[in-house]
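Asks: This is what each chain is made of:
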Amino acid sequence: MADERDRRDRSDRPALRVVRGGASGPSRPHSTPLDTMTDEALLAAFLVGDDDAFGDLVQRHERLVLSLVRRYARTPEDARDLAQRTFLRAFEAARRTLRSDTRQPFPFRRWIIRVALNLAKNHLRDELRVPRAPLEALGAAEATPAVQGDALEHAQLARRMRSAVVELPRRQREVLTLRIDAELPFAEIAQSLGITENAAKVTFHHATRNLRAALSEELSP
Amino acid sequence: MSACRDLELLVSLGAAGALSPEESVRLDAHLAGCAACRADFEASAKALGLARMPPPSRAEQRLVAELPERMIEEVRRGDRRRGLGRRFVLAASIAAVFAVALLLPARLGVREGVEPRAVQEAGTGGSAQTELATAATPGSTSTWQEPDIDSVWQETDLVDFADDTDTQ
Numbered sequence: 002m003a004d005e006r007d008r009r010d011r012s013d014r015p016a017l018r019v020v021r022g023g024a025s026g027p028s029r030p031h032s033t034p035l036d037t038m039t040d041e042a043l044l045a046a047f048l049v050g051d052d053d054a055f056g057d058l059v060q061r062h063e064r065l066v067l068s069l070v071r072r073y074a075r076t077p078e079d080a081r082d083l084a085q086r087t088f089l090r091a092f093e094a095a096r097r098t099l100r101s102d103t104r105q106p107f108p109f110r111r112w113i114i115r116v117a118l119n120l121a122k123n124h125l126r127d128e129l130r131v132p133r134a135p136l137e138a139l140g141a142a143e144a145t146p147a148v149q150g151d152a153l154e155h156a157q158l159a160r161r162m163r164s165a166v167v168e169l170p171r172r173q174r175e176v177l178t179l180r181i182d183a184e185l186p187f188a189e190i191a192q193s194l195g196i197t198e199n200a201a202k203v204t205f206h207h208a209t210r211n212l213r214a215a216l217s218e219e220l221s222p
Numbered sequence: 224m225s226a227c228r229d230l231e232l233l234v235s236l237g238a239a240g241a242l243s244p245e246e247s248v249r250l251d252a253h254l255a256g257c258a259a260c261r262a263d264f265e266a267s268a269k270a271l272g273l274a275r276m277p278p279p280s281r282a283e284q285r286l287v288a289e290l291p292e293r294m295i296e297e298v299r300r301g302d303r304r305r306g307l308g309r310r311f312v313l314a315a316s317i318a319a320v321f322a323v324a325l326l327l328p329a330r331l332g333v334r335e336g337v338e339p340r341a342v343q344e345a346g347t348g349g350s351a352q353t354e355l356a357t358a359a360t361p362g363s364t365s366t367w368q369e370p371d372i373d374s375v376w377q378e379t380d381l382v383d384f385a386d387d388t389d390t391q
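Which chain is which? The protein sequence lines are A and B, in order. Letter by letter, the first sequence follows residues 2 to 222 in this note's numbering. Letter by letter, the second sequence follows residues 224 to 391 in this note's numbering.
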């Protein structure tokens, strides 16, 4: 679901500018469209100098990564930096794997999910250690214009609920955000976290219950 | 919370829109006849709706659009840095090998009993300063001569102790 949406979005974007000094000779046949290449093939092409291949790889997964990290970011720049660090770490791991054994397959998408969740967890820990401004939605002033009355009340409730999400136990938070932010199916959530699909569903159920309990008064009809 | 405990999980998953078509049909049929579960479903759906992040702002979209280019620059910069680092390590290794090659024979010579140049000069009649240096050098005891005790006494005898006692 998320993949299809990513592909649609990519078609609307301008073409990538090739960075000077990067391309020293593409190994990818010119007839092979980047969209049909696997993550491994794109990385291999980038390692021999094809910058477009890596640009396409980042575009392929950027929405997923951003959806996972932006909940923990204070500013859009913060979110972008977290996303960039996620890609860089996953890329370094993939590069090491490719260098050690080019035939060994690696689940790049699963790696970036794991890296994004770990970075988000560390970022959250650091933020709690050094408290800053209250958790605001990213670009809230721009995304949600000035609101009044019921809309204001709803916005405040949403903010409190997002704070409650951050305070959930780690596993519950991960499953919940993978579902409601990244919109991943439970089978993929389970695979990414190394648990069974049923365990992922039960964890999600507990997370939902905990969120409801956190705002029980406000949510009661 | 739910009236029907065996359907709690289904209600939560349904509120998240994560049910298969068959499961959805089953849940809808139940919700149609169970007000408690319907209320439960609505509360879960409301909680999840509030927990969702708002859509990305224009600022976020703009910054994310820069991501591929920034990433490529970052990776290439890292590669260049690593290349420089490797060259530096190689140069330092070569310099270390040369240094060892130059210093090792000199150190081996000392261990085998080759005397330092100062000792050799003292042995062949060098200056008094050289002799002092020689006396302080470990391993040069063979060239040290015991001073004559009478001449040492005569030199110390120049001090007049009698004058000191008078003044006191």
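Just so you know, the hints here were simulated from the structure itself, not pulled from any lab data. Beta carbons: idealized from backbone N, C-alpha and C, even for Gly. Heads up, a few of these hints could be off.
[Stated by the list, open to error] Listed next, with one range per pair, are the computed distances between beta-carbon atoms:
(1) A258(B) with E78(A): 21 to 27 Å
(2) C227(B) with E219(A): 21 to 27 Å
(3) G150(A) with G256(B): 32 to 38 Å
(4) E128(A) with P278(B): 18 to 24 Å
(5) A258(B) with T76(A): 52 to 58 Å
(6) K122(A) with E245(B): 21 to 27 Å
(7) A214(A) with V312(B): 29 to 35 Å
(8) A258(B) with G150(A): 45 to 51 Å
(9) L325(B) with V49(A): 26 to 32 Å
(10) A152(A) with A259(B): 37 to 43 Å
[Stated by the list, open to error] Derived pair list, reagent style EDC-like, types lysine to aspartate or glutamate, alpha-carbon separation capped at 16 Å:
(11) K269(B) with E218(A)
(12) K122(A) with D79(A)
(13) K269(B) with D82(A)
(14) K122(A) with E154(A)
(15) K122(A) with E168(A)
(16) K269(B) with D79(A)
Asks: Could you run down the list of hints and mark each one as holding or not?
Replies: Taking the hints in turn, this is what the structure says about them:
Distance hint check: the CB atoms of A258(B) and E78(A) are about 48 Å apart, inconsistent with the given range 21 to 27 Å. Judged by the Cβ atoms, the range 21 to 27 Å given for C227(B) and E219(A) holds: they are separated by roughly 25 Å. Taking 32 to 38 Å as the suggested C-beta distance range, the pair G150(A) and G256(B) conforms, at roughly 36 Å. Checked against the hint of 18 to 24 Å, the C-beta distance between E128(A) and P278(B) comes to roughly 23 Å, which is consistent with it.
With their beta carbons about 45 Å apart, A258(B) and T76(A) fall outside the hinted range of 52 to 58 Å. In this structure, K122(A) and E245(B) break the distance hint of 21 to 27 Å, their C-beta atoms being roughly 36 Å apart. Taken as a hint, the range 29 to 35 Å is violated for the pair A214(A) and V312(B), whose Cβ atoms sit roughly 57 Å apart. Restraint check, A258(B) to G150(A): a C-beta distance of roughly 30 Å breaks the suggested window 45 to 51 Å.
Checked against the hint of 26 to 32 Å, the C-beta distance between L325(B) and V49(A) comes to roughly 42 Å, which is inconsistent with it. Evaluation of the 37 to 43 Å hint for A152(A) and A259(B) yields a failure: the beta carbon distance comes to about 30 Å. At roughly 13 Å between alpha-carbon atoms, K269(B) and E218(A) fall within 16 Å of each other, so this suggested pair holds. A hinted pair counts as satisfied when its Cα atoms are at most 16 Å apart, and K122(A) with D79(A) qualifies at roughly 14 Å.
Of the pairs offered as hints, the one joining K269(B) and D82(A) is violated, with about 31 Å between alpha carbons and a cut-off of 16 Å exceeded. Taking the CA atoms of K122(A) and E154(A), the gap is about 29 Å. The hint is violated against a cut of 16 Å. For the suggested pair K122(A) and E168(A), the alpha carbons sit about 11 Å apart, so the restraint of at most 16 Å is met. Using a Cα cut-off of 16 Å, the hinted pair K269(B) and D79(A) is violated, with the two alpha carbons roughly 29 Å apart.
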